[in-house]
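> Sequence:
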Amino acid sequence: MTIRVLIADDQALVRSGLRSLLARAKDVSVVGEAADGEEAVRQAASLRPDVVLMDIRMPGTDGITATRHILAGQEEDGCRVVILTTFDTDDHVFAALRAGASGFLTKDVDLAELRRAIVAVAAGDALLSPGVTRRLVARFARRQGVASGSGAGWEVLTARELDVVRLVAEGLANAEIAERLSISPHTAKTHITRAIAKLGVRDRVQLVILAYERGLVQPSS
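181 is the number that my numbering gives to position 181 of the sequence shown; each next residue is one higher, with no gaps.
Read the hints as simulated data drawn from the structure, not as lab findings.
Incorrect hints may appear among the rest.
Only pairs whose alpha carbons sit at most 16 Å apart, straight line, appear in this in silico EDC-like list of lysine to aspartate or glutamate [stated by the list, open to error]:
(1) K26 to E38
(2) K189 to E161
(3) K198 to D163
(4) K26 to E113
(5) K189 to E155
(6) K107 to D10
(7) K198 to E155
(8) K198 to E161
(9) K189 to E113
(10) K189 to E176
This structure is a prediction, so every number in the text was calculated from the model and none was measured.
Generate coordinates for the entire structure from the input sequences, incorporating the hints supplied.
This is the structure:
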């Protein structure tokens, strides 16, 4: 199956570079380009790409707003958004993840990494490594403050699912969670999938954000 990709970036050189890279990937096809967020929203609606590579800082409608519009009301298996950024410390990355993006890439990405990222998010996986997700989210949670974990909707989860969510938010990968709880990696993945469904979040990234925002885990000082 060919993965359909839309590139949204206000710099023509960046769009051209990404298109040239992806032309060498047999299972990926660039179906469109957008120079700003408003155009990205229109093209996403008409072209129905599997993945949107979205720049954050664009004139007019920015990438965060565009991401929110593109993902609004979509089914779980709908379009996925990957944020393009110059630096992984960009303050806007967190806002984009909170808006529903499945991860981010820096613009100097090579073909192998870019293809892996597109394939991963098209399959419904979160792009960020667990540790990177935790560090990024925790940094912004410290700035914003977090709510109390009590009465925050966690009662829909079983005790074991709650344990697994805590470990996801602490940055552990599935294999590490399995080892910590003496369960199989498949069982750990099943608990994560069920927690995502019960809490109504989009993916692992959103699960981590929710855990910090609702105070299930506290950001380290």
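> State for each hint whether it applies.
Structure-based check of all given hints:
For a cut-off of 16 Å, the pair hint linking K26 to E38 is broken: about 29 Å separates their Cα positions. Between K189 and E161 the CA atoms are separated by roughly 10 Å; this keeps the pair inside 16 Å, and the hint holds. Taken as a hint, the K198 and D163 pair is honoured in the structure, with Cα atoms around 15 Å apart against an allowance of 16 Å. A C-alpha spacing of about 15 Å is found between K26 and E113, which places the hinted pair at or below 16 Å, so the restraint holds.
Our distance criterion of 16 Å between C-alpha atoms is broken by K189 and E155, whose separation comes to about 20 Å. Among the hinted pairs, K107 with D10 is consistent with the structure: their alpha-carbon atoms are about 13 Å apart, no more than 16 Å. Between K198 and E155 the alpha-carbon distance is near 10 Å, which keeps this suggested pair within the 16 Å criterion. For the hint linking K198 to E161, the alpha-carbon distance of about 10 Å falls within 16 Å, and the restraint holds.
Proposed proximity of K189 and E113 is contradicted: the alpha carbons are some 24 Å apart, above 16 Å. In summary, the hint linking K189 to E176 is supported, as the alpha carbons are separated by about 11 Å, within the 16 Å threshold.
The earlier numbered hints that this structure contradicts are 1, 5, 9.
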